[in-house]
Amino acid sequence: MDKKKDTKKTAADEEADNVEIDEETKREANGKRVVIDKETGKAKEVDAYDRGEKKKKNPENAKAIFSSNLEQSIIPQNIIIPLRKYNHKGQAVFMVAALGIVLDTEKNEMKTFGGVETKMVAKNVADDSKFHMDDILSLDVSLDRRLVVTGQVGKAPSIHVWDSETCESQSFFRLKEGSRGVAAISLSPCLRYVACVDLHNDHHVVIYNIKRSKQLLVIEGSKDKIIHCAWSKKQDDLRFCTVGVKEIKFWNPADATKRLFAKGTVGGKAQLTSFNSVCFDVEGTSYTSGANGLIYVWDANCQFDRTLKAHTNEVTALVHEQGKLISGGKDNKLVIYAAQGGNYTLEKTIDFETSYPRSIDYFNGKILAGLRSGSIYEVDEATEERKQLMASHHEGEAWGLEVIPEDNCLMTVGDDNKILIFDYEQKRFVKKGTLSEKDPKKEKLKKVTASTLSVYPPNQQGRAVAYCRGRGHIAVSNNIGKISIRLKENLDTKVATLRDPDEWCEVLRYSPCEKYLAAGSHDNAVYIYDVENNYSLYAKFAKHNSFVVSVDWSQDSTYIRSVCGAYEKLYYNVANKEFDAGGLSNTKDTQWATISSKVGWDVEGIYPSGEDGSHINGVDVSTDRTLVATGDDFGLLNVYRYPALNLKHKARSYSGHSEHVVRAIFTPDGQRIFTIGGYDKAVIQWRRK
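Going by the working numbering, the letters in the sequence shown line up with residues 410 to 1098, in that order.
Don't take every hint at face value.
Unchecked claim - List of simulated lysine-lysine pairs, DSSO-like, C-alpha gap at most 30 Å:
(1) K1098 - K498
(2) K564 - K620
(3) K952 - K897
(4) K796 - K520
What the hints assert, rightly or not - Restraint ranges, calculated between C-beta atoms of paired labels, are given here:
(5) K796 - V654: 34 to 40 Å
(6) A671 - S622: 25 to 31 Å
(7) T999 - D816: 53 to 59 Å
(8) K1057 - Q1080: 51 to 57 Å
(9) Q749 - D789: 18 to 24 Å
(10) T758 - G1019: 20 to 26 Å
(11) D553 - R908: 56 to 62 Å
(12) D816 - D633: 33 to 39 Å
(13) K1098 - P814: 19 to 25 Å
Derived from the structure by calculation, the hints contain no laboratory data. Source: prediction; values computed, not measured. Virtual Cβ for every residue (Gly too), placed ideally from N, Cα, C.
The task is simple: from the sequences and hints, build the whole structure.
Right, here's the structure in full:
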């Protein structure tokens, strides 16, 4: 006999009923929703928004050719919000591109939410109901540290709640069309509600009940940008706070029939400023990070209490955990206060010297700090010992990608004046070099450079990289076409500088004999340099009608072939320094050291039906000539059987990147593929099963 269901409500259920008031439910049934007047804070009815989709189960990903393992990667976003947190096991939780990451800092092992096989479609029409398919903009971890919530960019952006240990999905919903993205997000301590803010001009504040799969309120937040939000940690307290440009608001959704928010004011006690972060303690006191270097303290009644002098410049990150109030600032410092019972005692200051913290978390004596430079550190609070968990590019785009096979290393260059080397077996950062220290005013900058959002000048933006094993040389090209030759052992030691290209070089490649270096430039020419004669210019082939996108050497180093943006595939006899108009016929029996061309009979099948191929950026064929990999503007890695003769050769496509994948390259043993995303600046390692 079935037991009778217990209908007695708990205190938490009563509180939930106060949020989801009967009148609000009736309004929804009548096709209405509640919005709040921004000046008065009073409720009014307008037409209801779509409520999103209900939770769906995760797909199986069996039989995939490759499984995704994130290597050293990048934090692509340029938004100051807490992006890195600890879970209940002390593992670091953060996001890269369209991936949620859980990193065991002791074992250096990663799990991912996302990075699965998918359909080959553009990300704006891809199915993001199971995983993210575009840039993750915001992240929060629940009070018990067991759940993660993430929100992405998009016309109707998706929000996922997932397990912080297993990376399995728990809930999914999306915001209405026109929301543009999820700028800030927070999980309530009771694990029922998600509060988030979109990127609409009105910066709507949205409350969603994940237990009932129901959107409760959509509230017009502010015309000014809202940067962060957080729920109170006080028991049975359903207040949350939003902060942004010269504004702080305290919201009380349990009081939906009255005034839903109150603006924070400081009176004559202090000067109101902009805030980029907010946090609560377990007593209901809240703290906001001021652009003036001060931490603002607000009591449990949302009244301004005091300020704490923390930094000489803007406070960029803030957290209150386990009796500690920790802030990061643009003075490159971490400031730690003992904060309990309304008493604040400065304990110590930690100087990061070269970059400032953009996000902070604290758990069991460990501080997780994400820096503006793209690095992530774990700091022991007691000893101040620092462990670098991650290094990355952090400005503009990242294009350069090369394998150093004998060291099991990967090399990247980007628009942030950095050359980085990673050990892909140990999954650790190895070393860094600087592209240029030269004052750009003293550099002969070209007018024609690759477009970028980087704040660095073109002479400090890396675009291509190549490695010469026999000499231990690394060739790097910047965004004005200058090529510098460095030593692998010391990336800042220059061997030679090449200034012949008039525009930036998209491709650099050493010959198999290592006597020559080929550079394919956006001035439509291919340059060949004599390595043994101090990299003197050996030949210049200027036959293309468009910019050069790929160069391949023959195995005997006597021929090269190149492809340009106009889909011309040209051949050159390097030994005779001549263009070979009959190169296709003359090289029919030639063995090629690499195959990176996206034009030819052997790769006709990589062009999806209805596409002209301009969305395909990087191509590489495995050394055993069994697979061809492409990276595209859809943010996908696509793997075909080689040769891919026609459209009957279907690809296995994999998500993970959130922007155009500019390079996809195999390791020499063919067991791994590395991809690098342009604007997401992420490197992903795909291992063959």
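Going down the list of hints, with the structure as the test:
{"no.": "1", "hint": "K1098 - K498", "result": "29 Å, holds"}
{"no.": "2", "hint": "K564 - K620", "result": "25 Å, holds"}
{"no.": "3", "hint": "K952 - K897", "result": "33 Å, violated"}
{"no.": "4", "hint": "K796 - K520", "result": "20 Å, holds"}
{"no.": "5", "hint": "K796 - V654: 34 to 40 Å", "result": "35 Å, holds"}
{"no.": "6", "hint": "A671 - S622: 25 to 31 Å", "result": "30 Å, holds"}
{"no.": "7", "hint": "T999 - D816: 53 to 59 Å", "result": "30 Å, violated"}
{"no.": "8", "hint": "K1057 - Q1080: 51 to 57 Å", "result": "27 Å, violated"}
{"no.": "9", "hint": "Q749 - D789: 18 to 24 Å", "result": "21 Å, holds"}
{"no.": "10", "hint": "T758 - G1019: 20 to 26 Å", "result": "59 Å, violated"}
{"no.": "11", "hint": "D553 - R908: 56 to 62 Å", "result": "59 Å, holds"}
{"no.": "12", "hint": "D816 - D633: 33 to 39 Å", "result": "50 Å, violated"}
{"no.": "13", "hint": "K1098 - P814: 19 to 25 Å", "result": "21 Å, holds"}
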